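Q: Given chain L, put chain U in place with the hints provided.
Each chain is listed here by its residues.
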Amino acid sequence: MTSRNARRNMVNKVMLTLCGVCAFLTVSTLFLILGYLIYHGAQSLNPGFFTHLPVGEGEAGGGIANSILGTAEIVVMATLIGLPVGFFAGVYLAEFGGKTFPFIVRYTADLLNGIPSIVIGIFAWTVVVVPMHHFSALAGGLALSIMLIPITARSTEQFLLEVPRSLREGALALGANKWRTIASVIVPAARKGIMTGMILGVARISGETAPLLFTSLSNQYWSGFSEPTASLPVTIYNYATSAYEDWHQLAWAAGLVLLALVLLANIAARMVISRGTSLPR
Amino acid sequence: MATSTAAVPRPASIQKRRFGADEVAYGFTLLFALAILVVTILLVYQLWVHSAASRQKFGFSFITSTSWDPVAEKYGALPFIYGTVITSFLALLISVPLGIGAAVYLAELAPPKVSNSLTFLVELLAAVPSVIYGLIAIFTLVPLMRNYLDPALQAVGGSLTLFKGRIFGYGYLTAGVILSIMTFPFIISVSREALMAVPREQREAALALGATKWESTFNAVLPFARLGILGSIFLALARALGETMAVTMVIGNSNAIQASLFAPGQTIAAVIANEFSEATGNTYLAALVELGLVLFVLTMVINGLAQLMIMVTTKKGSAKA
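Protein sequences appear in the order of chains L and U. For the first sequence, the residue numbers in my numbering are 1 to 281. For the second sequence, the residue numbers in my numbering are 1 to 321.
Same shape as in the complex, but just chain L:
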């Protein structure tokens, strides 16, 4: 009996320790990634990196100024389309919902959210690149906006539903009609959460590469909205898979810049604006 109990205690200790080891391993991955990027990327970060255009294959120096501007262009476009559409759809889902139709919309939004980003890229290619006959920043922006819509809609809905019932009833009792209740009481009350969701959404699409590969493509130079446009993620991909040591260095530095932007946005959204929000799905 005692030997059996000793064995049970052993199993208990071993398994619980293993669980702790799993947690340690998974969390330490983040620090490994950060460490590697800082170690390799920091060497190539200099003012020229942010202000110069790329140079030819195998040449030293050069920067990724056009990729930074291109990413800004594409993400702003995606944000201008994706955030309003997602926000109002979210308001509909939370506030005007009946039974069947909102369920369908909700399910479709989750479906859209789960579609691999490369498939979204194909879609944007069919509706923008094919009719226009050339790659453009516009197509990339559209692809990213389609990814942003369901994320924003679902997080907006979630935070609107978390507003206490008493606030809603108070506004209605004062004689406000429904849309006024929503506009002046419910949305302001859920403001922080909605903002968090939006920042997380924009941070997520900013790092997307696959939908841009054959929509905005890439470019060696500055470019307009209807031209092929360089972006940070695609530049990292191109440089990392190239055969030149200088380009590898640029890829590390660009990776560091991209990750810093994405992680800072995430940390800001989660810690400063609203504490303890969980991963949007």
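There is no bait here: all hints are sound.
Which chain L residues stay away from chain U? Per the calculated CB distances, all over 10 Å, these:
1) Ser3
2) Pro47
3) Leu80
4) Met132
5) His133
6) Val163
7) Leu167
8) Ala171
9) Leu174
10) Ser184
11) Met195
12) Glu227
Within a straight-line C-alpha distance of at most 20 Å, the following computed SDA-like cross-link-like pairs (lysine to any residue) qualify:
13) Lys178(L) x Leu31(U)
14) Lys178(L) x Ala21(U)
15) Lys213(U) x Val11(L)
16) Lys192(L) x Ala268(L)
17) Lys213(U) x Leu18(L)
18) Lys99(L) x Leu34(U)
19) Lys74(U) x Gly281(U)
It is worth saying that the hints were derived from the structure and are not from the lab. Since the structure is predicted, the reported quantities are computational estimates derived from the model, not experimental observations. Every residue, glycine too, gets a C-beta built ideally from N, C-alpha and C.
A: Frame of chain L; chain U shown alone:
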């Protein structure tokens, strides 16, 4: 008389206007909700139409044929489907035990403060762009696999076909490893929530019967949360199937089915990423779009199952959160 006629219409007109504003707000937001439906339907329609040339030419043999030859205009997707399935399977083989173990630690063992900060870090991991995983994998994971891990596996299990053949560093196994790192944040985050939704009584009853902490967790808590955990695994699977960049960068891009896990291969997403912008000719493009359609259907089914399971266990899935 004059005062009463002036007084009566006012409230009525306000009532009327207010009624109108609600209707307008309803219609306005409904438009945007409809936009989600329209975009999704249009997406499926476009994939269907733009893959027509390939669907008509190859029919069902598209997913059973193994030759992908743009020069001869022959397109078969089986090597890519195989690559997608095998890399996702390898990923889950690593990330499921690791993820559930970590989730158990975070939900059952760690003090709330530690658990919350660690979960925060894990969720940051989920926010790292996939191209960054690819970048790091090319320069650190690939050499590591080539010089240490693959030779070690070959030394142990070299008699199995799975571990035979030349070692490149690029290949199915490397892709599986990087995918496992990319998927465990989802498993941890969702499983932890499912575990935390298990009622306290479940644990207390087991402990009161004399179970050790592990026995209570394994026999009373984990079975209770099994659907939610299964849901998290399906969610991770859907992510792994559709993941493009990191896999494309380390899979090695070879269009043949190979038994060895060390061999270079190709996944559906990777072949689209590699060939789409350079593809010429209607059939070639249509075949690539059809690959996208296959991937869409695959992830849709897996995601649907995942949502259903998470909805059932955490009781808030599609209805609230």
